[in-house]
Amino acid sequence: MTVLGLLGIVVTAAVLAVTLRHTQPAFALVLSLAVGLLLFGGALSAVWPVLERTAELLGRLSDAVPFAEILTKALGISLLTQFAADACRDAGEAALASKAELGGKVMLLVCGMPLFEYAVTMLEQVVRGEAVGM
Amino acid sequence: MDVDLIFKIAAIGILVAVLNQVLIRSGREEQAMLTTLSGLIVVLTIIVSEISTLFDTVKSAFGL
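Protein sequence lines correspond, in order, to chains A and B.
Each residue of the first sequence is one higher than the last, beginning at 1 in the working numbering.
Each residue of the second sequence is one higher than the last, beginning at 135 in the working numbering.
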């Protein structure tokens, strides 16, 4: 999937959604959702090698803390939350969108907790004048 | 990656809009409403399976 193909899909879908919006708003919403799905899938498959390489590089950093795993997990949660919140906001449900974002933030906090622990441990070692070890 | 999905949904939407107009003009509001509803259900069944595929992909890709 080239960037031109991606942009073509978006513009075509925008025209179709505008055509539908004033008579059938629900169909316009479903249409934008479908386009979001397609683009999301395309972008994901394009960025996948980069993600894998980053995970490999981060894997070298430390054996104790699974940096790469936490990072990819957080990225996945963020992307899915953004997708759901945007769909809600498109439908005019701003309150539901902010609730979805709140849920995503809480999940991120839970999955980022090991990193916070790691940072606190490191800080403790620095404050006590010990050598910083991974 | 199938662009057909977008065209399918748009085609159903336009068809339902036209049917809706015709039925309303001929004084059959209830049938018009039912047509809209059934079109929406058809489109939703299409999109729900796609959403499920996407969620599965993301789940396996990001290790959720």
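Treat the hints as calculated values from the structure; they're not laboratory data.
Do not take every clue at face value.
What the hints assert, rightly or not - Mimicking BS3-like on lysine-lysine, the simulated pairs with C-alpha atoms at most 27 Å apart in a straight line are: (1) A:Lys73 <-> A:Lys105; (2) A:Lys99 <-> A:Lys73; (3) B:Lys142 <-> A:Lys99; (4) A:Lys105 <-> B:Lys193; (5) A:Lys73 <-> B:Lys193.
Hint check results:
no., hint, in the structure
1, A:Lys73 <-> A:Lys105, "13 Å, holds"
2, A:Lys99 <-> A:Lys73, "20 Å, holds"
3, B:Lys142 <-> A:Lys99, "31 Å, violated"
4, A:Lys105 <-> B:Lys193, "18 Å, holds"
5, A:Lys73 <-> B:Lys193, "9 Å, holds"
The structure fails hint 3 only (numbered hints given earlier).
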